[in-house]
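Participant: Chains as they are written, first to last, in my numbering: chain A, 39 to 151; chain B, 5 to 240.
Just so you know, not all the hints are guaranteed correct.
[Stated by the list, open to error] Cross-link-like lysine-lysine pairs, in silico, DSS-like; alpha carbons within 25 Å at most:
#	chain 1	residue 1	chain 2	residue 2
1	B	Lys116	A	Lys65
2	A	Lys116	A	Lys63
3	A	Lys116	A	Lys105
4	A	Lys105	B	Lys39
5	B	Lys39	A	Lys146
6	B	Lys176	A	Lys66
7	A	Lys60	B	Lys176
8	B	Lys39	A	Lys116
9	B	Lys39	A	Lys104
10	A	Lys116	A	Lys104
11	A	Lys66	A	Lys105
12	A	Lys105	B	Lys52
13	A	Lys116	B	Lys52
14	B	Lys176	A	Lys104
15	B	Lys52	B	Lys116
16	B	Lys52	B	Lys39
17	B	Lys39	A	Lys63
[Claimed, not checked] Which stretches of chain B does chain A cover? Using the computed rule of at least three CB atoms under 8 Å from a CB of chain A, they are:
#	region
18	27-41
19	72-83
[To be verified] Selected chain B positions facing chain A (Cβ under 10 Å, derived; list incomplete):
#	residue
20	Lys116
21	Cys118
22	Asp121
23	Cys160
24	Met175
25	Asp179
26	Ser207
27	Tyr208
28	Asn213
29	Pro214
30	Gly215
Hints listed in this document are in silico derivations from the structure and should not be mistaken for laboratory results. For every residue, glycine included, the Cβ atom is placed at its ideal position computed from N, Cα and C.
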Amino acid sequence: MHEMSLMQSVLDIIEDASISGKFTKVKKICLEIGVLSCVDAGALDFCFDAVMCGTMAQDAILEIVKKQGQGWCVACSKTVEIGERYDPCPFCGGHQIQVTGGEEMRVKELEVE
Amino acid sequence: MCTVCGCGGKYEKFGGARAHEARRIVRVEQDILAKNNAHAEKNREWLKARNILALNLVSSPGSGKTTLLEKTIAHMKATRPVFVIEGDQQTNFDAERIREAGAPAVQINTGKGCHLDAQMVNDAIRTLHPQENSLLLIENVGNLVCPASFDLGEACKVAILSVTEGEDKPMKYPDMFSAAKVMILNKIDLLPHLDFDVDQCISYAKRVNPGIHVVMLSARTGEGFEGWADWIEGMI
């Protein structure tokens, strides 16, 4: 269940940001999660309450913005959209695709007070 | 138009500036794994400065990682010192096997954790003190999911798949086979007794990672071991 330790990292980032941003309460946490990242959005949601309990983000809402997977097809020399790592190129059907996007796992922004 | 931020008046009717004060947004734009990655980068620099080749061995439980390590130690130790970091949820069994094979080893017990992280490896390196020009083998927790996400500061990940597991593993666990530079197909001495389709397996692995290098061997019998030893030599 690595989503638990990822959510713990989210809390660490929030606590660091609270020092520089001088806030004491978080109302909303916006994460950007690529569909090709090694994390399941549902599992993150599941861990959210457990990790944030008793912290400044205890009552926060979790918003997850999904990012589409993208790759560079070597055969077609162009960027294509993919939903999974093993998806073929939608143009040539080949698998010579280098992933260029959709692996993000970022804390985008926080709504605070 | 709202005069506070140009939001189009969405919050103006609720009290303008006051509503904006209440909705304070802090842009963070930080990678969730930033802390781990920073530790990993420190590990990588430390290892590189000492010309230590670190490999992160990942697989499901029972793929033969520890046997592969024992054979690798026996093969390499005449030419290059080998050090081992062992990751398991519990017990010192693997570190003891490695020490018996003749290499200094540190065991990390992750407890309830499902993967090693860069901080754990940093602590282990401090205890282990691998010497310059050595080979550092990190045996990750047996798990084809979580260890894919965590950079430990290694030169690369090596995924081990035993032929008893089924040829579709690279498609079922694409993140791991995409993160690895090498796939070792282990236990090939058992192939005559199985329906495992080697070509199909390699084709699946190349679908998720077109550049993956494949080595076929049996850690038990030693068949195909030169391919692995040659690849390590090439990395050094």
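Participant: If you draw a straight line from the CA of Lys39 (chain B) to the CA of Lys63 (chain A), is it 25 Å or shorter?
Facilitator: holds, 22 Å
Participant: Checking hints one by one. Is Ser207 (chain B) an interface residue toward chain A, by the C-beta closer than 10 Å rule?
Facilitator: holds, 9 Å
Participant: Take a quick look at whether Lys105 (chain A) and Lys39 (chain B) sit within 25 Å of each other, Cα to Cα.
Facilitator: holds, 22 Å
Participant: Is Lys116 (chain A) close enough to Lys52 (chain B), meaning Cα to Cα at most 25 Å?
Facilitator: Judged against 25 Å, a Cα distance of about 35 Å means the pair is violated.
Participant: Hint check: Lys176 (chain B) vs Lys66 (chain A), CA-CA at most 25 Å. Holds or violated?
Facilitator: violated, 34 Å
Participant: Would the hint on Pro214 (chain B) stand, with a C-beta cut-off of 10 Å toward chain A?
Facilitator: This hint holds: Pro214 (chain B) lies near chain A, its Cβ roughly 5 Å from the closest one there, short of 10 Å.
Participant: Quick check on the hint: Gly215 (chain B) CB to chain A CB, less than 10 Å?
Facilitator: holds, 8 Å
Participant: Starting from Lys105 (chain A), check that the Cα of Lys52 (chain B) is at most 25 Å away, please.
Facilitator: Roughly 34 Å separates the two Cα atoms, so the pair is violated.
Participant: Let me know if the C-beta of Cys118 (chain B) comes in closer than 10 Å to any C-beta of chain A, holds or violated.
Facilitator: With Cβ-Cβ at 6 Å, under 10 Å, it holds.
Participant: Against chain A, with CB atoms and a cut of 10 Å, does the hint on Asp179 (chain B) hold up?
Facilitator: Because about 4 Å separates Asp179 (chain B) from the closest Cβ in chain A, which is inside the 10 Å limit, the hint holds.
Participant: Can we keep the Tyr208 (chain B) interface hint, with Cβ of chain A closer than 10 Å?
Facilitator: holds, 7 Å
Participant: For a C-alpha distance cap of 25 Å, please report whether Lys52 (chain B) and Lys116 (chain B) respect it.
Facilitator: Judged against 25 Å, a Cα distance of about 31 Å means the pair is violated.
The structure does not agree with the numbered hints 1, 2, 6, 7, 8, 12, 13, 15, 19 and 23 stated previously, though it agrees with the rest.
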